[in-house]
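Quick note, the sequences are listed as chains A and B, same order. For the first sequence, the UniProt record's numbering assigns the number 1 to the initial residue and increments by one for each residue that follows. For the second sequence, the UniProt record's numbering assigns the number 1 to the initial residue and increments by one for each residue that follows.
Keep in mind the hints are simulated off the structure, nothing from the lab. Please note: incorrect hints may appear among the correct ones.
The list treats identical chains as one, so a pair stands whether inside a single copy or across any two.
Below, simulated DMTMM-like cross-link-like pairs (lysine to aspartate or glutamate); rule was C-alpha separation at most 25 Å, straight line [unchecked claim]:
id	residue 1	residue 2
1	Lys159	Glu69
2	Lys75	Glu354
3	Lys158	Asp215
4	Lys99	Glu73
5	Lys287	Asp204
6	Lys375	Glu362
7	Lys75	Asp102
8	Lys36	Asp141
9	Lys277	Glu255
10	Lys99	Glu69
11	Lys99	Glu74
12	Lys266	Asp204
13	Lys99	Glu235
14	Lys14	Glu151
15	Lys375	Glu343
16	Lys99	Glu61
17	Lys266	Glu130
18	Lys375	Glu22
19	Lys237	Glu264
20	Lys375	Glu38
No experiment lies behind these values; they were computed from the predicted model shown.
Spelled out, the chains give:
There are 2 protein chains.
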Amino acid sequence: MRFLHTADWHIGKKLHGYNLLEDQLHAFNQIIQLAKKEAVDGIIIAGDLYDRSVPSVDAVEVFNQMIIELNLEEKLPVFAISGNHDSSIRLETGGPWFKQSDFYLHTRLEQAFQPIEVGDTQLFLLPYFEPIAARLYFENDEIRTIEKAMEFVTAEIKKNFKSGMAHVLVSHFFAAGSAKSDSETKLTVGGLDTVPLDLLRDFDYVALGHLHNKDALISDQIRYSGSPLKFSLSERKQEKGVWIVDISEQSCQLEFHRIQPLREIKELQGTFQELAKQEFYESIDRKDFMFIQLTDRSVIPNMMYQLRKVYPNILGVERVYGRENDQKGLTKDVNMKQLSPLELSRQFFEEMTEEELTSQQEQWLNESLDSVQQKERGK
Amino acid sequence: MRFLHTADWHIGKKLHGYNLLEDQLHAFNQIIQLAKKEAVDGIIIAGDLYDRSVPSVDAVEVFNQMIIELNLEEKLPVFAISGNHDSSIRLETGGPWFKQSDFYLHTRLEQAFQPIEVGDTQLFLLPYFEPIAARLYFENDEIRTIEKAMEFVTAEIKKNFKSGMAHVLVSHFFAAGSAKSDSETKLTVGGLDTVPLDLLRDFDYVALGHLHNKDALISDQIRYSGSPLKFSLSERKQEKGVWIVDISEQSCQLEFHRIQPLREIKELQGTFQELAKQEFYESIDRKDFMFIQLTDRSVIPNMMYQLRKVYPNILGVERVYGRENDQKGLTKDVNMKQLSPLELSRQFFEEMTEEELTSQQEQWLNESLDSVQQKERGK
Numbered sequence: 001m002r003f004l005h006t007a008d009w010h011i012g013k014k015l016h017g018y019n020l021l022e023d024q025l026h027a028f029n030q031i032i033q034l035a036k037k038e039a040v041d042g043i044i045i046a047g048d049l050y051d052r053s054v055p056s057v058d059a060v061e062v063f064n065q066m067i068i069e070l071n072l073e074e075k076l077p078v079f080a081i082s083g084n085h086d087s088s089i090r091l092e093t094g095g096p097w098f099k100q101s102d103f104y105l106h107t108r109l110e111q112a113f114q115p116i117e118v119g120d121t122q123l124f125l126l127p128y129f130e131p132i133a134a135r136l137y138f139e140n141d142e143i144r145t146i147e148k149a150m151e152f153v154t155a156e157i158k159k160n161f162k163s164g165m166a167h168v169l170v171s172h173f174f175a176a177g178s179a180k181s182d183s184e185t186k187l188t189v190g191g192l193d194t195v196p197l198d199l200l201r202d203f204d205y206v207a208l209g210h211l212h213n214k215d216a217l218i219s220d221q222i223r224y225s226g227s228p229l230k231f232s233l234s235e236r237k238q239e240k241g242v243w244i245v246d247i248s249e250q251s252c253q254l255e256f257h258r259i260q261p262l263r264e265i266k267e268l269q270g271t272f273q274e275l276a277k278q279e280f281y282e283s284i285d286r287k288d289f290m291f292i293q294l295t296d297r298s299v300i301p302n303m304m305y306q307l308r309k310v311y312p313n314i315l316g317v318e319r320v321y322g323r324e325n326d327q328k329g330l331t332k333d334v335n336m337k338q339l340s341p342l343e344l345s346r347q348f349f350e351e352m353t354e355e356e357l358t359s360q361q362e363q364w365l366n367e368s369l370d371s372v373q374q375k376e377r378g379k
Numbered sequence: 001m002r003f004l005h006t007a008d009w010h011i012g013k014k015l016h017g018y019n020l021l022e023d024q025l026h027a028f029n030q031i032i033q034l035a036k037k038e039a040v041d042g043i044i045i046a047g048d049l050y051d052r053s054v055p056s057v058d059a060v061e062v063f064n065q066m067i068i069e070l071n072l073e074e075k076l077p078v079f080a081i082s083g084n085h086d087s088s089i090r091l092e093t094g095g096p097w098f099k100q101s102d103f104y105l106h107t108r109l110e111q112a113f114q115p116i117e118v119g120d121t122q123l124f125l126l127p128y129f130e131p132i133a134a135r136l137y138f139e140n141d142e143i144r145t146i147e148k149a150m151e152f153v154t155a156e157i158k159k160n161f162k163s164g165m166a167h168v169l170v171s172h173f174f175a176a177g178s179a180k181s182d183s184e185t186k187l188t189v190g191g192l193d194t195v196p197l198d199l200l201r202d203f204d205y206v207a208l209g210h211l212h213n214k215d216a217l218i219s220d221q222i223r224y225s226g227s228p229l230k231f232s233l234s235e236r237k238q239e240k241g242v243w244i245v246d247i248s249e250q251s252c253q254l255e256f257h258r259i260q261p262l263r264e265i266k267e268l269q270g271t272f273q274e275l276a277k278q279e280f281y282e283s284i285d286r287k288d289f290m291f292i293q294l295t296d297r298s299v300i301p302n303m304m305y306q307l308r309k310v311y312p313n314i315l316g317v318e319r320v321y322g323r324e325n326d327q328k329g330l331t332k333d334v335n336m337k338q339l340s341p342l343e344l345s346r347q348f349f350e351e352m353t354e355e356e357l358t359s360q361q362e363q364w365l366n367e368s369l370d371s372v373q374q375k376e377r378g379k
């Protein structure tokens with residue numbers, strides 16, 4: 001069997017407030033083209049189809065379109081599971097009908113034990129689940145962690161192994177030894193959420209979702225695909241794309257294919273003057289997401305406002321060498337006791353962000369200060 | 001063609017805070033039994049499948065189960081549309097797959113113009129829509145009301161009429177001359193939302209949803225099915241059920257079939273003492289929803305608390321003859337100016353409801369009074 005392995009689409013996700021639906025459609029179009037060009041037997045999506053349990057109407061519309069195109073128009077078999085970001089019950093709507101056209105969407109633990117056979121390959125689609133689901137399914141009170149649960153789950157799955165076939169597990173968890181980045185939601189604390197690799201050794205390939213970095217785990221046959229897009233600043237150096245996997249009982253061959261983003265995350269380093277210079281900014285693609293690293297140390301009035309006029313998609317501004325204490329502008333110059341809490345907060349905000357409070361922000365600040373003062377009075 | 005006509009399921013709706021999911025499943029089971037017994041060719045559901053655009057996970061789970069049973073297990077064709085309570089985009093998830101098993105779920109205006117043919121009948125499934133959808137579809141700026149929109153929509157539908165066949169319209173709106181009750185959401189004001197019956201005369205049957213009273217409109221071939229359950233106190237005298245319709249080009253025969261509720265809405269009239277008497281309350285089915293009409297006029301301490309101990313599902317208590325001014329208990333006895341606003345409000349609440357404030361209610365009251373006082377101070 002030859003398949004495409006992707007995961008963590010997070011449809012509807014925003015990056016620092018920027019809507020990514022167009023970027024997600026742009027990546028999707030490359031995935032579908034690649035699947036056709038590589039003549040795969042199907043597409044594996046290893047969880048986190050949506051970014052939230054109740055996705056926005058826009059996100060639902062975009063995802064519905066994608067799946068219609070993938071499965072009904074291009075007739076590509078789809079093997080998908082729900083991830084920790086999805087609501088399994090909401091996502092399962094339509095599931096029993098999808099099968100008619102080889103779109104398998106597993107959202108419940110017990111569905112993992114019904115393998116789907118494609119040629120000489122058995123696919124086991126194990127959705128994200130909580131230990132309690134396994135505790136109830138196996139009627140065993142000792143199952144309190146994902147590690148323990150996976151002992152039972154993999155044993156149960158192996159009962160359905162047919163010999164002479166390749167065995168593929170599709171799942172969504174944190175595999176031992178992987179490296180996390182910022183944009184993955186932590187499942188639990190204290191390592192209870194970690195699945196040891198030894199439990200996964202009997203599969204010919206494990207198609208994982210959850211971590212957004214394809215290199216989070218380096219193992220021949222246990223792989224994260226990573227997300228098709230960069231979903232946080234901390235992912236800016238990661239290579240994004242999908243795996244094309246050729247699997248048989250004897251061998252497993254992997255090839256990574258990059259996805260070109262609609263808008264890249266770029267780092268811009270320089271002085272404010274350099275970055276605001278027309279010759280410079282006209283030489284680069286300004287629709288990209290910019291992470292700006294200013295080398296100046298002086299206070300720059302209205303800095304964000306001016307930068308945003310030039311760079312519409314700024315993710316953040318960092319002062320590489322910190323900021324100098326420009327005595328004139330700073331609050332310590334005046335007697336702080338003479339300032340009202342509102343005025344003091346306003347000045348602090350402006351010094352830290354180099355932006356003025358919007359009227360909405362000023363209102364929030366006012367309300368918060370009022371509420372603190374009342375509590376003080378109430379004592 | 002022989003079909004069952006129902007509408008306004010409002011899965012997830014609550015009645016005065018009481019969860020109705022079990023009542024809705026109970027009604028659904030009768031609908032499915034009736035459909036089988038009457039050997040219908042399909043089930044029409046004329047909108048408002050859910051009660052809210054974002055239904056709860058429980059509601060989604062129950063509705064998914066129902067539709068699986070109806071269409072996949074019992075193999076009944078389903079002809080459904082979205083209503084004003086549904087989110088058309090959320091509801092359309094899975095739609096293109098549903099057709100494979102004769103489950104037609106129309107959520108967009110333009111889908112009304114693709115008739116579904118069953119034997120000698122053409123079904124036109126017209127979902128609830130806003131005038132702007134018709135204005136854009138017909139590219140005509142004069143379409144500002146549902147009445148105007150329906151002129152265009154019915155003309156467009158009629159272009160697809162095949163002669164020699166019966167023509168059925170499934171839709172969800174307020175038809176001229178209908179009588180509204182409390183639990184239907186008003187669409188617009190000033191009659192702009194009303195569809196004249198003349199526009200509907202060319203259909204052999206119009207299966208409507210939106211109004212919960214099957215008798216809201218008395219017309220041979222234009223009918224509301226009403227909701228399968230009573231969804232408000234004002235619906236307590238309505239007969240609830242579904243239509244079984246036999247339709248051909250020559251004739252249209254209707255038969256109404258009642259649905260037995262799991263919990264009926266009952267009116268109980270008497271004195272507090274009578275209603276609290278064991279011989280009385282043990283003679284009736286106390287799981288029903290009770291609307292209690294007290295004939296006493298005196299103040300009864302802890303009345304609601306005592307009544308709820310006997311009747312778990314109280315929708316409301318009415319004092320048929322009002323209440324006497326029991327001078328001892330009432331606020332006018334004391335000098336109101338001596339009471340704090342909080343104390344005054346607390347006494348007023350207790351006199352009106354015959355219940356004490358809960359600690360949560362007292363907290364809300366306190367916060368509201370605080371906020372009023374601050375605004376006063378701010379002037």
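* Would you list, in rising numerical order, the hints stated earlier that this structure does not obey? => Those not satisfied are hints 1, 2, 3, 5, 8, 9, 12, 13, 14, 17, 18, 20.
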